[in-house]
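Starting from the known structure of chain A, fit chain B onto it as the hints suggest.
Protein chains: 2
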Amino acid sequence: MYPQRFEDLISVLEKLPGVGNKTAQRYAFTLLEKNEEEIQRAIEALEGLKEIRKCRICGFLSDEDECPFCKDDTRNKATIMVVAYPQDAAAIEKTGSYKGSYHVLGGLISSSKGIYPEDIGIDKLLNRIDDSIKEVIVATSPTMDGEMTALYLDKVLKDKNVLVTRLAHGLPMGASLDYADDLTLIKALDNRRKIESE
Amino acid sequence: MYPQRFEDLISVLEKLPGVGNKTAQRYAFTLLEKNEEEIQRAIEALEGLKEIRKCRICGFLSDEDECPFCKDDTRNKATIMVVAYPQDAAAIEKTGSYKGSYHVLGGLISSSKGIYPEDIGIDKLLNRIDDSIKEVIVATSPTMDGEMTALYLDKVLKDKNVLVTRLAHGLPMGASLDYADDLTLIKALDNRRKIESE
Chain A
-6 MYPQRFEDLI SVLEKLPGVG NKTAQRYAFT LLEKNEEEIQ RAIEALEGLK
44 EIRKCRICGF LSDEDECPFC KDDTRNKATI MVVAYPQDAA AIEKTGSYKG
94 SYHVLGGLIS SSKGIYPEDI GIDKLLNRID DSIKEVIVAT SPTMDGEMTA
144 LYLDKVLKDK NVLVTRLAHG LPMGASLDYA DDLTLIKALD NRRKIESE
Chain B
-6 MYPQRFEDLI SVLEKLPGVG NKTAQRYAFT LLEKNEEEIQ RAIEALEGLK
44 EIRKCRICGF LSDEDECPFC KDDTRNKATI MVVAYPQDAA AIEKTGSYKG
94 SYHVLGGLIS SSKGIYPEDI GIDKLLNRID DSIKEVIVAT SPTMDGEMTA
144 LYLDKVLKDK NVLVTRLAHG LPMGASLDYA DDLTLIKALD NRRKIESE
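Line by line, the protein sequences give chains A and B.
Residue numbers for the first sequence follow this note's numbering, beginning at -6 and rising by one.
Residue numbers for the second sequence follow this note's numbering, beginning at -6 and rising by one.
So here's chain A without its partners, still in its complex pose (with noise of 0.2 Å):
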């Protein structure tokens, strides 16, 4: 009943992630309130993911055809932190603490969603192992499919001559400890450190 191009828009929207016909409308309804201006600025936007690749090293997000962080020679390009998506790498870039290169494998293994090594970009990661490559970083999500990646990657690059690491788990900062899930418990025990005092 709505005019067709509206029901369109509706149509589009329901499409994203968790976005039901009931929230489409909101989001539709909420544009078409907005000038003429920033319609252009959405589509201008929608227009430009046409011009976003995958670095060609990494993986990641880029318009050009390497990323910004391989094209950065200061960074530390001895050390390669493997993580699933481009979002992760951006949490752990917003931290400010790490300053290595990445590696965005676009996925996880997972046995449950019919994810195999050879579909995420495993090869493309031995490939850039060589001998001026000191550690890998495994950085995988503490889930079912992370820690199944992170396995699988300390296996193959076992014959290479590099340092594999892993993300430390164990109490989240801030949190209270007698909500934290038996298995971060234990795994805060197994790992737990001397306390260095000054």
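These aren't lab readings, by the way, just hints derived from the structure by calculation.
You can take every hint at face value.
For chains that are exact copies, the list does not tell them apart, and a pair is met inside one copy or across any two.
No farther apart than 30 Å at their CA atoms in a straight line, the calculated lysine-lysine pairs in the DSSO-like style are these:
no., residue 1, residue 2
1, K64, K92
2, K8, K27
3, K15, K64
4, K8, K43
5, K43, K27
6, K127, K153
7, K106, K8
8, K15, K27
9, K180, K106
10, K47, K27
11, K15, K180
12, K117, K148
13, K106, K47
14, K148, K180
15, K15, K117
16, K15, K43
17, K47, K148
18, K117, K151
19, K8, K47
Structure of chain B alone, referenced to chain A:
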């Protein structure tokens, strides 16, 4: 750290109601996965927004001068249902049990938001009322602002030779009585009806 065009898209999506940075990123990555054809559909849907305006008569959405409801001569034009937003008319229409015309105010009188009768389409409604109009059904939501608007409409329509009615309040169908709030129960009791057995 994402390409500028991608950051632009995220900041456009962040302006949608209830969408924060995390959700906007998720939406942007979902859009990134779409093929060019789907992106094109989204662009066209946004382009189409520029063509959408308000129906000259009732204020519902239309891509022509008059909306489908006002143009439809089979509808009963002697009855006008007054709603706050186009979505409300759409909700009524979906039930299939109303065949009159609509009037979309575009808002509700609200002392808290500082919205006065002259800010919404009440003048336009009054101009529509002539001898051909027999009934005005006030279908604003049973909220504070909706009630205030209904009372105001009842007052200004008193001088006109027209029946003013209001959607019934009571227990929603399928709801459990003991979960209904007090006001709803009081309304349901006040408005009780004789059971009509066949």
